[in-house]
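*Asks:* Next come the chains, spelled out residue by residue.
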Amino acid sequence: MSEANAISNNTPMIELKRLNKWYGDFHVLRDIDLTVKRGERIVICGPSGSGKSTMIRCINHLEEHQQGEIVVGGIQMTRDIKRIEQIRRNVGMVFQHFNLFPHLTVLENCCLSPIWVQKKPRREAEKTAMEYLERVKIANQARKYPGQLSGGQQQRVAIARSLCMSPEVMLFDEPTSALDPEMIKEVLDVMVELAQEGMTMLCVTHEMGFAKTVADRVIFMDEGQIIEENAPHEFFNNPRSLRTQTFLSQILGH
Amino acid sequence: MTAFREQMIAQRQPPDQRRGVIGWLRTNLFAGPINSIISLIVIAIAIRLLWPVIDWAFIEADWVGNSREACTSDGACWVFISARWNQIVYGFYPEALRWRVDIVFAIFAALIAWLIVPKLPAKKSVGIFALIGFPIVSWILLLGGMFGLDHVPTRLWGGLMLTLTIAAVGIVGSLPIGVLLALGRRSKMPLVKGVCVVFIEFWRGVPLITVLFMASVMLPLFVPAQMEFDKLLRALIGIMLFWSAYMAEVVRGGLQAIPKGQSEAGAALGLGYWQRMGLIVLPQALKLVIPGIVNTFISLFKDTSLVLIIGLFDVLAIIQAGLTDSDWLGFAIEGYVFAALIFWVFCFSMSRYSQYIENRLNTGHK
Ligand SMILES: Nc1ncnc2c1ncn2[C@@H]1O[C@H](COP(=O)(O)OP(=O)(O)OP(=O)(O)O)[C@@H](O)[C@H]1O
Ligand SMILES: [Mg+2]
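Keeping their order, the protein sequence lines are chains F and U. Heads up: the first sequence at position 20 corresponds to 19 in numbering that gives the first Met the number 0, and the numbers run straight through without jumps. Heads up: the second sequence at position 291 corresponds to 290 in numbering that gives the first Met the number 0, and the numbers run straight through without jumps.
Just chain U, with the same shape it has in the complex:
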């Protein structure tokens, strides 16, 4: 007998962890009898509870038509949504000029796609355009009054375009202001620190509704009468400042988690304060608080619907206004479900994207 082999042993495959749907089911739902029974019961309950919803929303629903007469079955009548689609998207924006909104939507979608798909090049330039160029282009296109475009006053803006405008301005504005406030709150200069603390605590202490009321009712009392200050602009400023205070506290949490040694190492290498913050501390701190930042974005997005109390018609307000249309009485459920769906789609996308970014930025340190 020989004590060694003549041939190499063929390399074995590592044990297969996932064997398709069946394998997944077996390991996760039906491993053992008790496990299987519990799984079956849970599935049965879920189907019983969900079935009426599915039945209402899809199976028994009406999908086509353009008036109330199309709503014949027992389920949801989505014709209500499709009949009012244009208002839901554009608000009271003049019909002939809606192509301008469409262009803004198209650029917006293209920018997001460009920034999300990892393979596309020139992320930096595209990002800078998205943050600086795009808002200017959109403002010109939507508002008009220059370059031969007809002026569309902001009181005609509404629906999804208004919701997205408010959310985008709020998100793009509150993060940088919040970062500056967070840095200021940690400053060694007492005056800077004091101003930031007072600012943050003031905005965090008042409800957003109050801020919006103050912006729309009180602000005009303080500025000269001839200085007309757009209502939407006032709301945007209020929302931006309000959320920047929350953002500041989220960012500060991240800054506190970065060891002092990081900034010291930067200082020892001759980097100045802003370089240390911008190149070393903030990239790490912001990455750490991505969940908190996105959480704030999501809250901000949902709270855009509060502008309805100062007479701006966001997506929810437009749908709600549609419910009082005498031709369409009694479609409240469809309306609110659809509004919820719109908000959910945007918020859920943000949430997923943040998880993806978090994974991508993981460089293997604890």
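One chain only, chain F, in its complex shape:
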């Protein structure tokens, strides 16, 4: 299939090497080094404005970095749009505000990219889409428009839409923080299931329960740097840096 699969399974899925990024004078990412193995599940947390979104958005080039290297599935990121699109086809992304296409039905949302990017026949794309919608338990809403669904339902559609491209990596940027409390669980359930199936996942979230259940590693960021990374048990019980301790006491405190 894709070039990425041809590479041995031992090569990392994602490699960030000495990644630096500025917005004007503002140094938003500082010397980020991160290696994600195939099938690894990583949770990223940190205070607001610490650069979490910026970092994962660099991985599919929604943001451009100025220094350092990004390698995704063995493909080196450059400015070449062909290469960027090749990487994007292999990397799914779920946004805080769902970003479903409101003028298309749920099914059309899911089929758009398979049809136009992977050039699948419509019939086949719809069949695959229905399977994924089934998996996120929303197949019965396939003919509705996103505006007619609840937030939790929309986010599950967004996950299904990404999965329809059969990506090897899924990026989540605070997928539950725009949701009402009673809908958070239905989305987290889908994500846990996905994690258990062995998907490589990078997940910016403050849902610590989720981190404890599925994460292989938790990463704490502050002021554009990775301050600490550890297995969830260690991370929550013995945070090493003071900043991590303060952060944890704040989010677990209430």
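Worth flagging that the hints you see were computed from the coordinates, not collected in a lab. All C-beta atoms in this analysis are idealised placements derived from N, C-alpha and C, irrespective of residue type, glycine included. Be aware that one or more of the hints could be misleading.
[Unchecked claim] DSSO-like, lysine-lysine: derived pairs with alpha carbons at most 30 Å apart:
(1) U:286 to F:119
(2) F:184 to F:136
(3) U:259 to U:286
(4) F:119 to F:143
(5) U:259 to F:16
(6) U:187 to F:16
(7) F:81 to U:118
(8) F:126 to U:118
(9) U:259 to F:118
(10) U:187 to F:81
(11) U:118 to F:143
(12) U:286 to U:122
(13) F:126 to F:136
(14) U:123 to F:126
(15) F:211 to F:36
(16) F:143 to F:118
[To be verified] On the chain U side, residues computed to face chain F include the following (Cβ under 7 Å):
(17) 94
(18) 260
(19) 264
(20) 267
(21) 269
(22) 274
(23) 279
(24) 282
(25) 283
(26) 285
For this one, chain F is given, so just place chain U with the ligands on it according to the hints.
*Replies:* Same frame as chain F, now just chain U with the ligands:
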């Protein structure tokens, strides 16, 4: 006594909101005494003001005949219009060849009907034919000079057929050019952006009359003398470019209203720039600015009559020319009222159709 019912209560009808004409009148015009008095006064004033118009246009009017002698009553003499009907529709198009114009009109009407009636199938293919095939077929039929059709130079075109030609070319041409300009103006490439900004601001800054004058008087100065460039063609290009600048700004307003997340979601799914624009951003942006687009179409339609200043005879110019005919002096009111009516019918139809489209495209998101 039992605390529950033995039978289900029959389902009740929801309260009836509209009870025919009487019900409508009662709720809207005659709800309460003050309301009723105001309604009566307004109706009385309206009748007093409108009555002379109705009297002039219909009751006291002359409808049949073919010369001035038929105009005997006090009201309007519509015989003036019917006597000049052929010129109003075809301009100076040779009489023997007018069937060619009729065919174009017929295809035009059929296409519009096909695209408007929701039940008819194959909208996409019909639409593509309307945008590409139809202009070519019409151009061949109207102009001739090929396939054994006699050549009819554009200086003989006139009347309604000319008005519709200019309006259709302007509308069909200005929208896509405007969309490209709007996208270009938002481009990250400085050169593309610069060119689009300059283009838009230039055309928006000059009056259409100047554009038409430049197209007819100045352009020939710049192109080699032996390269004969049709006057109508020049006007069409000028009108298209002029209105595309307005269209660009309307479309840009729509593009700005679409959240960045939409394009980002498309990018994350691997869609390229043109796919993102064509499949995600533009469908939403254009839908949002349908009122603005149609408003521009309506302005364009009405401003086609400005071509009379470069010697092209559109519907208004033809009617106006008819007023100076010594047999028909003194029918200016009939002439102008009829011209206004023609413009109004087309513009009002566009306006209604746009409202209909807007409702149909509503997918329930805010
Ligand atoms: N387009 C931009 N231009 C300038 N500064 C920006 C831009 N986008 C983000 N920033 C700044 O970069 C910093 C990091 O932003 P980022 O969105 O990555 O933070 P975050 O960790 O995801 O925070 P949050 O938890 O609030 O989502 C913030 O201080 C933000 O103000
Ligand atoms: Mg963020």
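*Asks:* Confirm or reject each hint.
*Replies:* Hints, verified against the model:
For the suggested pair residue 286 of chain U and residue 119 of chain F, the alpha carbons sit about 28 Å apart, so the restraint of at most 30 Å is met. Taken as a hint, the residue 184 of chain F and residue 136 of chain F pair is honoured in the structure, with Cα atoms around 13 Å apart against an allowance of 30 Å. A hinted pair counts as satisfied when its Cα atoms are at most 30 Å apart, and residue 259 of chain U with residue 286 of chain U qualifies at roughly 17 Å. At most 30 Å may separate the alpha-carbon atoms for a hinted pair to count; residue 119 of chain F and residue 143 of chain F meet this at roughly 22 Å.
Between residue 259 of chain U and residue 16 of chain F the alpha-carbon distance is near 28 Å, which keeps this suggested pair within the 30 Å criterion. With a C-alpha separation of about 28 Å, the suggested pair residue 187 of chain U and residue 16 of chain F falls inside the 30 Å cut-off, and the hint holds. Between residue 81 of chain F and residue 118 of chain U the CA atoms are separated by roughly 42 Å; this puts the pair beyond 30 Å, and the hint is violated. A hinted pair counts as satisfied when its Cα atoms are at most 30 Å apart, and residue 126 of chain F with residue 118 of chain U qualifies at roughly 27 Å.
Straight-line distance between C-alpha atoms of residue 259 of chain U and residue 118 of chain F comes to about 25 Å, which keeps the hinted pair within the 30 Å bound. The hinted pair formed by residue 187 of chain U and residue 81 of chain F meets the criterion: a straight-line CA distance of about 18 Å does not exceed 30 Å. Restraint check: the Cα-Cα separation between residue 118 of chain U and residue 143 of chain F comes to about 21 Å, which is no more than 30 Å; the hinted pair holds. Pair hint residue 286 of chain U plus residue 122 of chain U holds up; C-alpha atoms about 18 Å apart against a cutoff of 30 Å.
Restraint check: the Cα-Cα separation between residue 126 of chain F and residue 136 of chain F comes to about 15 Å, which is no more than 30 Å; the hinted pair holds. Annotation: proposed proximity of residue 123 of chain U to residue 126 of chain F holds, straight-line Cα distance about 24 Å (limit 30 Å). Taking the CA atoms of residue 211 of chain F and residue 36 of chain F, the gap is about 19 Å. The hint holds against a cut of 30 Å. The straight-line distance between the Cα atoms of residue 143 of chain F and residue 118 of chain F is roughly 24 Å, inside the 30 Å bound, and the hint therefore holds.
A cut of 7 Å between beta carbons decides the hint on residue 94 of chain U: the least distance to chain F is about 50 Å, and the hint is violated. The beta carbon of residue 260 of chain U comes within 4 Å of a beta carbon in chain F, closer than 7 Å, and the hint placing it at the interface holds. Interface hint at residue 264 of chain U: satisfied, since its Cβ lies 4 Å from the closest Cβ of chain F, which is below the 7 Å cut-off. The criterion of a C-beta within 7 Å of any C-beta in chain F is met by residue 267 of chain U, whose closest approach is roughly 4 Å, and the hint holds.
For the restraint placing residue 269 of chain U at the interface with chain F, the shortest Cβ-Cβ distance is roughly 4 Å, inside the 7 Å limit, so the hint holds. The criterion of a C-beta within 7 Å of any C-beta in chain F is met by residue 274 of chain U, whose closest approach is roughly 5 Å, and the hint holds. Interface hint at residue 279 of chain U: satisfied, since its Cβ lies 6 Å from the closest Cβ of chain F, which is below the 7 Å cut-off. For residue 282 of chain U, the interface hint holds, the least distance from its beta-carbon to any beta-carbon of chain F being 5 Å, beneath 7 Å.
For the restraint placing residue 283 of chain U at the interface with chain F, the shortest Cβ-Cβ distance is roughly 5 Å, inside the 7 Å limit, so the hint holds. Proximity of residue 285 of chain U to chain F is violated relative to the hint, the smallest CB-CB distance being about 10 Å (cut-off 7 Å).
Of the numbered hints given earlier, the model fails hints 7, 17 and 26; all others are met.
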